[in-house]
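2 protein chains.
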Amino acid sequence: MSDAKVRLYVDQPLGPGQPVRLTQDQAHYLFGVMRLARGAAVLLFNGRDGEWRAEVTEAGKRGGTLTCAAQTAPLRRPPDLWLMFAPIKKARTDFIVEKAAEMGAARILPVQTRFTNSERIRQDRLQAHAVEAAEQCGGTYVPEVAELAALDRLLSDWPADRRIMWCDENLLGARAGLLEGAGAIEARGFEEAPSQPSPGPWAILIGPEGGFSEDEQARLRRMPQVVPVSLGPRILRADTAAVAALTLWQSVLGDWV
Amino acid sequence: MSDAKVRLYVDQPLGPGQPVRLTQDQAHYLFGVMRLARGAAVLLFNGRDGEWRAEVTEAGKRGGTLTCAAQTAPLRRPPDLWLMFAPIKKARTDFIVEKAAEMGAARILPVQTRFTNSERIRQDRLQAHAVEAAEQCGGTYVPEVAELAALDRLLSDWPADRRIMWCDENLLGARAGLLEGAGAIEARGFEEAPSQPSPGPWAILIGPEGGFSEDEQARLRRMPQVVPVSLGPRILRADTAAVAALTLWQSVLGDWV
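Chains A and B, in that order, give the protein sequences.
Be aware that the first sequence starts at 1, since it is given in this note's numbering, and climbs by one per residue.
Be aware that the second sequence starts at 1001, since it is given in this note's numbering, and climbs by one per residue.
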């Protein structure tokens, strides 16, 4: 809707005639920063009910109400793809989360590996980055950012049917590897055509700057779910690798096809 | 070489026994910051002669000399791929240049489009970012960053044999579009196999946040060199789009195959 200048994530139900109470921060943003008045249009999404055009029906300094008018876009879920990465410097970690939301990851899992530098993350801050990326980029879905978890523990409980695209620097053949690996577990016959069936649950695993330890590598190699894939002949930083891996997966198996 | 802790770009010839004089900044970095002494090993590259292991043969506060010992890697040129993008906010423009160097663009061209916000760039600063990315990422080649040029003017003189992968938001089918477009101009029969022939000269064109103007779009559509390619169903920021487009090109036509 061209008349709505603001697109806002709200953690509330959306539907025909549904009133949406604003928090103090949201009211400040809409009425203080963006100078919206009663009757102004705003686009809302909550990650579940698609995108709705709403009107300001009450505007105050500390709160206000929007009322949903009509749905402007259905919920568009990304494929069932997780992104696992080892947190790095703050700015680059923020960047990875932003890019993962833009590129259509369904869930973002910061993982602690043997050579991960960062001992802790601010999950709430990273989640806010994912929300902001969705607001900016027209998404109707917001990936959940999980708390930092040990890679070892995640792999111990790993679902049998969720494949892992393991971005390994020691391989050649990006697309071929991914397609072959996808077919290796079950003969699903991935066709590279718009009509291809859902690729099923997947995760991408990006290593820390120092790579994976030998134990971690050996463990990953033993897991039947793991599909090692190369990201080309140059060494990529972790944040570049995240975007590149998401592109590769989306363009070969995901919703870019 | 595991004993060399520093990898440095120098704008000087490299070869067996070749002495390399350091600038004051380089001497400060090697001897002041990194605390290297005589006899220490450094890896050097100049974008032309590959990577060389050199030893510190003279260390001073304001200068010094390294002497090349042996070549540790040959020059590895990226494919003949240019990246054209409309500069955006400083941090994101820096980021695009860094990522383009990592992802193997041969040349980086900031372009002024109708809806480009930025009137000027600091070419020297962007070139330094490309050098730093190559230093960090083990590259032996540094892409040239061109001065800001008007897209209109570039397209007026555009070489007949250089195709343009135009990242257009209004299309579907990322890989298919690229492969089909690659074949459309000349029936070269691109095979997706490691033995594929060189794809020839290409450029990627990423639009500004506001997209291209109608005139620009019409002009691009008329050019036989232009191959419109989609980057998926979500709207990507310009910096994300740059990495995604480079990944797509490299994995379908470039040196990731």
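Hints are computed from structural coordinates only; laboratory data are not their basis.
One should not assume that every hint holds.
Covered by chain B, according to a simulated footprint, are these stretches of chain A (three or more residues, beta-carbon under 8 Å) [claimed, not checked]: (1) 102-115; (2) 124-138; (3) 142-153.
What you are looking at is a predicted structure, and each value in this text was computed from that prediction instead of being measured.
Cβ coordinates follow ideal geometry from the N, Cα and C atoms, glycine included.
Okay, the hints, checked on the actual structure:
1. Chain B is given as covering the segment 102-115 of chain A, and this holds because 3 residues of the stretch bring a CB closer than 8 Å to a CB of that chain, at least three being needed.
2. For the segment 124-138 of chain A, the stated coverage by chain B is satisfied: 3 residues place a CB nearer than 8 Å to a CB of that chain, which reaches the threshold of 3.
3. As drawn, the segment 142-153 of chain A meets chain B at 0 residues by the rule of a beta-carbon pair under 8 Å; below three, the given contact is violated.
Figure legend: structure checked against the earlier numbered hints; the only hint not met is number 3.
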